[in-house]
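Counting with the working numbering, you get residues 1 to 270 for the letters of the sequence shown.
To be clear, the hints were calculated from the coordinates, so they are not data collected in a lab. Values in this document were obtained by computation on a predicted structure and should not be read as measured data. A virtual CB, placed ideally from N, CA and C, is assigned to each residue, including glycine. It is possible that part of the hints are untrue.
[Unchecked claim] List time: in silico BS3-like cross-link candidates among lysine-lysine, alpha-carbon distance up to 25 Å:
#1 100 <-> 254
#2 61 <-> 50
#3 150 <-> 100
#4 240 <-> 113
#5 61 <-> 254
[Unchecked claim] Label-pair restraints from in silico Cβ distances:
#6 47 <-> 162: 38 to 48 Å
#7 178 <-> 234: 29 to 39 Å
#8 189 <-> 240: 42 to 52 Å
#9 209 <-> 258: 20 to 30 Å
#10 50 <-> 181: 32 to 42 Å
#11 209 <-> 138: 12 to 22 Å
#12 38 <-> 179: 39 to 49 Å
#13 14 <-> 133: 20 to 30 Å
#14 73 <-> 184: 40 to 50 Å
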Amino acid sequence: MCDKFVFLQKSYTMKTKQDIIRNWLPRYTGQSVEEFGKYVLLTNFRHYVKLFASWHNVPIKGLDSAMPSSTFGDITIVDFSMGSANAATIMDLLAATDLKAVLFVGKCGALKKNDVGDLILPIAGIRGEGTSNDYLPPEIPALPAFSLQKAISTTIRDNGLDYWTGTVYTTNRRVWEHDDEFKEYLKRIRAIAIDMETATLFTVGFANHIPTGALLLVSDQPMMYEGVKTEASDRIVTEKYVETHLRIGIESLKQLIHNGNTVKHLRFDD
């Protein structure tokens, strides 16, 4: 029995990052590396994956895994759950595939006067989470792939809608809405919104040579006590705005696919 264990251990020894992520991606998402589309939608919410699967009549895989996913054609959607640590993990795992682009369709809290339901197209992320420091020095800005953001902008306008641009502050803190000192800090940095993933995704995407963008949906107004998200308010956001949010994300990736545009606007030189 001991000899058999040693044999198996040697057979599955993973020495390189590529060995590890090719082995782990299927375990986390329920899909093999070969099943993944060239374009990936990332979300924090199972509802987005259910909508995607329902609209395209495809199954959801990995329902008993950490990050359920679904694929239709060249597009795969993954629910990587919440937080910068999970954001970094999925971007590392996606480096196992030959991706063209990753688009994050997430929710955020408004730090200025944006209304619930507004769309925000981040031009940069402020790295307040700490996770991204394990990938690049903290002075390097967190930037999206410009051509991907441009495709999202075009899609929004094609749908007769509007959007806001600005920087998004990404934090590891989940419960801060009571902290007046932290709120004063957020006012000073002049970010338009706050979330827990965007800056991490941009940074780790760049470190892994993956063009990454984001389209955020304002789900709450946490700078005001009456604007803090509740179960009831989040249900209203889901009912009124989520389908449009997801459709714009899908259409933006389809625009890249059909036009054959590249989103690698920068060379990933070491």
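(request) Identify every previously stated hint that the structure contradicts and give their numbers, smallest first. (result) Numbers 6, 7 and 8, in rising order.
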